[in-house]
Amino acid sequence: MGNILAVKGIKKSFGGVHALKGVDLTIKEGETHCLAGENGCGKSTIIKVISGFYQPDEGTIEINEKGYPVMTPSEAINAGVQVIYQDFSIFPNLTVIENLAFNQILANKKKLVNKKEFRRIAEEAVKKINFDVDLDALVETLPVADKQLIAISRALLDNAKLIIMDEPTTALTKKEVKRLFEIITDLKKNGVTILFVSHKLDEVFEISDSITILRNGENVITCPTSEMTEEKFTYYMTGRHFDTNQNKADMEKNIGETIMSVKGLSAPGFENVNFELHKGEILGVTGQLGSGRTELSLALFGLLKPTAGTITMEGKEVKIPNVSAAEKLGIALVPEDRLTEGLFLPQSIIKNITVSKMDELTSKAGILSNKKVVEESAKWVKDIGVATKNHEFPVQTLSGGNQQKVVLGRWLATNPKVLILNGPTVGVDIGAKYDIHSLLRKLASEGMAIIIVSDDIAEVIATCDRAIVMQGGRVTGQLDGSELSNDSLTSATN
Amino acid sequence: MKKLKNLTKQSEFYVFIIIVVLSIIIQARSGLFFANNNIVDTVRSMIVPSIYALCALLSFVSTGPDVSFPLIAALSTYLALITTNALGMGESMVIVFVFAIVYGSIMGALNGIIIVKYKFPSLIVTLGTSSIFSGILLGAFEAERMDLPAGLQRMGKASLLSVKNAETGLGSTLPMTFLILVALYVITYLVLNYTMVGRGVYAVGGDEVSAERAGFNVKKIRFGVFTANGAIAAIGGVCYAVMSMRYLPTEYAGGEMIVIAAIVLGGTRMAGGVGTLKGCILGTLLLTMVSNSLILIGISVYWQKVFIGAIIIIGTAVSALQSYGASRVKSKVKEAA
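Each protein sequence line maps, in turn, to chains A and B.
Be aware that the first sequence starts at 1, since it is given in my numbering, and climbs by one per residue.
Be aware that the second sequence starts at 1, since it is given in my numbering, and climbs by one per residue.
Source of the hints: derived by calculation from the structure; they are not laboratory data.
For each residue, glycine too, the CB sits at the ideal point set by N, CA and C.
Straight line, CA to CA, 35 Å or less: simulated DSBU-like cross-link-like pairs of lysine-lysine:
1. A/Lys-161 - A/Lys-115
2. B/Lys-220 - A/Lys-111
3. A/Lys-147 - B/Lys-220
4. B/Lys-119 - A/Lys-115
5. B/Lys-119 - A/Lys-21
Residues from chain A that keep clear of chain B, each with C-beta distances beyond 12 Å, as calculated:
6. Gly-2
7. Gly-22
8. Asn-39
9. Gly-59
10. Thr-225
11. Asn-272
12. Leu-303
13. Lys-379
14. Ala-387
15. Ser-488
Extracted from the complex, chain A is given alone in its bound form:
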């Protein structure tokens, strides 16, 4: 079979920044091709070039062996290219029917609304992937996975031959990812080509036939998935060699006395949770979305009121009614959604790092010492390795990994005894992820007790000494060091 898409030598700059420095991408008809790379490698830019939203500075685009000197969004759609964006391009306030039918009605330049026609189009769309959904429901009431399926079925309506999925699994639970992959397999059988954009290793290996990896706006490699290994994949993406196992073994273990012990703890979302946490230990809490893992972390930080059970810190039974009580006890929480819960995005890095310890940096008269603030912040920027030219810059200018480091730095600045991290590397590059993991191991070896709440099994294995598995609000398993493996955890969480 021929190539459905062949782009060659695409260059694109934005105000002097070279986002793409001559990228080639060739996709065979009917295959599932994966486009991988770290944040900022040019993945999104090349998608926008292919779908006609950006005009490249140089380079050629061919779809089905037909050249497109100037590609416009509507030409791309007519040529059968459909992009499913991370936000799915949906209208949450409207019904499923309207979400499905709008594109086609508008493309046909119709001016009036014919409700029967709308319903017919919507029914046709959901039939393509056997998607069972209430067509009259408002889309905002549906789960994320259904929103995605709406986007996919809508794309198929326009006779899509090449569907580009931009990080499609980010917000999905495991079950939903499985269902998505089944749909992709079906689409493939029907001759639809998929360009699957992702940086999640296991997914890429599971679903794709071949892989193209970009780094800093350049091609690194294109090869069949069968010729790729995990190590190579990580190396090509980051340009660095990592040995995750060594990372763990290298660190001296220094597990000391019990610092926190939780007995029979219950709160809305989970019940009867017991565990002990020692100094210098990293405890993993894993489980699927809705297993109660997030609620547990909130309860330990005073954000959720326990209904039963006790929490003991350093031998004394304590109550944690609010965040400031948790801080006083030396507990810190790095929240799940750093963008809305953990950071003041428009504020400078300095302010974000020092906000939790303003009290200490203030003189007796209650005046903040600017000098101390800057020194404190500079120390942490250096220690945790935030990549920035100037720590006066707003946090929103940083990449996801560096933002996460800033949140981490803020809490480390308070010198916590127990550090709780909820999804510490969600949306973070492999390189930054590795840095964060090393940092956590280092902190533990220095005696800090750490709880990592995560559904990323690889992460739990790479960093934790022990893990508890939660399911439906209950602890369903406890795995110690040697028992921690991919298989044991996967079977325990499913």
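Put chain B on the given structure of chain A with help from the hints.
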């Protein structure tokens, strides 16, 4: 059953319940609420606010608040009156309306251009323009109360329906402007629900980027909404003059807050994308009832403001709690799964 369940999810439904309860209370206490003259009076008082409510609805659903409609109404009515007087065309009421619509559209278009082209928040832009319009009206033109041209006077004196309460001897009339209100609502309903432009208004308010990608012309839709708002405000302004039998330039300003409160009460979402005509009518009816009818049960005029404030807070809190409740239920369902 499903229909009933959907009904309880809409804030319109709760406003309706409050209206029913309140009217029964007033009726029980005074025996005058369901009197024919009170009903006609209430409808009469609703006409202008309901027309303004369209402006507020369209702007909230598509973009954000528009607070300039009272001043657009005042200025465009004034300009229409002096133009028709100068041209000696006061005999025809249609001409006055046409001029007002033209002037109003121009002012609305000005809002639209600034909001669309420079992507400024609509609240700031319309606050600014309404201050400008007010300055032009009272400063540059030194507008004063004015008698209406013959055409409008005839319209003001004519009535669709005249009722007299046999017991109290009080009478009330339903003015011709009621027909204008009905026509505006019918047209808006058809446009919003049966044209792609109308669906676009909701789509743009739901997600601007998605709307662009789907092929809606976001800029045109927003510009259109604000221009239409200018025209609707102008119609409301002339109606107000007709119903007061003269033009009162200083009586227009300040009407925006109660109208916005009414539509928010009626379920219009301040974040955009959601709002219905049914909600506009019900919200306006509730607030009109409070300001018109509380006096029937001996509550002083000053307390009305307290009541209106309380209803607004409770009403918005109910819809906020509803969406909060919905998200809670969802997360519970997820846990159970």
